[in-house]
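Participant: Residue numbers (the numbering used here): 58 to 215.
Check each hint, because a few of them may be wrong.
Simulated restraints, written as ranges between beta carbons of each label pair [what the hints assert, rightly or not]:
1) 133 / 199: 22 to 28 angstroms
2) 125 / 207: 21 to 27 angstroms
3) 214 / 125: 21 to 27 angstroms
4) 152 / 67: 21 to 27 angstroms
5) 192 / 133: 16 to 22 angstroms
6) 150 / 110: 35 to 41 angstroms
7) 111 / 60: 47 to 53 angstroms
8) 60 / 117: 47 to 53 angstroms
9) 114 / 166: 22 to 28 angstroms
10) 111 / 86: 16 to 22 angstroms
11) 63 / 121: 41 to 47 angstroms
Hints listed in this document are in silico derivations from the structure and should not be mistaken for laboratory results.
Small disclaimer: the values here were computed from a predicted structure and weren't measured.
Heads up, the beta-carbon is just placed ideally off N, CA and C, and yes, glycines get one too.
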Amino acid sequence: MITEKKIRPDFDDIFMELAINLARRSHCVKAQVGAVLANETRIISIGYNGPPGGTHNCDEDFGNEGCPRDSKGSCSLALHAEQNAILYAAKNGAKVEGATLYVTLSPCIACARVIYTMKIKKVIFLNSYAEYKKIGIDEGVEFLKSFGVDVARYEKAK
Numbered sequence: 058m059i060t061e062k063k064i065r066p067d068f069d070d071i072f073m074e075l076a077i078n079l080a081r082r083s084h085c086v087k088a089q090v091g092a093v094l095a096n097e098t099r100i101i102s103i104g105y106n107g108p109p110g111g112t113h114n115c116d117e118d119f120g121n122e123g124c125p126r127d128s129k130g131s132c133s134l135a136l137h138a139e140q141n142a143i144l145y146a147a148k149n150g151a152k153v154e155g156a157t158l159y160v161t162l163s164p165c166i167a168c169a170r171v172i173y174t175m176k177i178k179k180v181i182f183l184n185s186y187a188e189y190k191k192i193g194i195d196e197g198v199e200f201l202k203s204f205g206v207d208v209a210r211y212e213k214a215k
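Please work from the sequences and hints to get the whole structure.
Facilitator: Structure below.
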């Protein structure tokens, strides 16, 4: 009797699918971003973009306009998904050094500096921040690559 080999999803697919679902939790009216911080096959932490817990929910408190914007046109109140995942891990004493970060939008330059400082070794992103912001270059991606962090755009396993 021949049995068919069970198709088992790749962990990159599992973690990116989780990041995509986490993004749906965001109250941001401009962009919903999710992140998963993992070490090999284990999840260390998760996050999605939004204001610090216990403060505001942009869609509820500010309507369709969202929260006030800063001088660069970004959310003035929100933490980015990767910041939330890293901060939650650090708050709970989890080791993030050497981890892989799965994120639905490539890191901005500020997040890239945090990722590098925390010694995260790899970043896998779904969509381009530069394309989203209509700017010429993914500054965060270029920063990370220039300092030896492995960065790749997500491609679903076949």
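Participant: Mind checking the hinted window 22 to 28 angstroms against the Cβ distance between residue 133 and residue 199?
Facilitator: For residue 199 against residue 133, whose Cβ atoms are near 25 angstroms apart, the range 22 to 28 angstroms holds.
Participant: Falls inside 47 to 53 angstroms, the C-beta gap from residue 60 to residue 117?
Facilitator: Because 51 angstroms falls inside the window, the suggested range holds.
Participant: For the range 47 to 53 angstroms, tell me whether the beta carbons of residue 111 and residue 60 fit it or not.
Facilitator: With a Cβ separation near 52 angstroms, residue 111 and residue 60 satisfy 47 to 53 angstroms, so the hint holds.
Participant: Given a hinted range of 16 to 22 angstroms, is it respected by the beta-carbon distance of residue 111 and residue 86?
Facilitator: Holds, at about 20 angstroms.
Participant: Honestly, do residue 192 and residue 133 meet the 16 to 22 angstroms range at C-beta?
Facilitator: 19 angstroms, holds
Participant: Take a look at whether the Cβ-Cβ distance between residue 63 and residue 121 falls inside 41 to 47 angstroms.
Facilitator: 46 angstroms, holds
Participant: Should the hint that residue 214 and residue 125 are 21 to 27 angstroms apart at their CB atoms be regarded as holding?
Facilitator: This hint is violated: roughly 41 angstroms between Cβ atoms.
Participant: Starting from the range 21 to 27 angstroms, see whether the pair residue 125 and residue 207 falls in it by beta-carbon distance.
Facilitator: The hinted range 21 to 27 angstroms is violated for residue 125 and residue 207, with Cβ atoms some 36 angstroms apart.
Participant: How does the Cβ-Cβ distance of residue 114 and residue 166 compare with 22 to 28 angstroms: does it lie in that range?
Facilitator: Given range 22 to 28 angstroms: holds, Cβ gap about 27 angstroms.
Participant: Within 21 to 27 angstroms or not, the Cβ separation of residue 152 and residue 67?
Facilitator: 24 angstroms, holds
Participant: With 35 to 41 angstroms as the target window, see if residue 150 and residue 110 comply at their CB atoms.
Facilitator: 18 angstroms, violated
The earlier numbered hints that this structure contradicts are 2, 3, 6.
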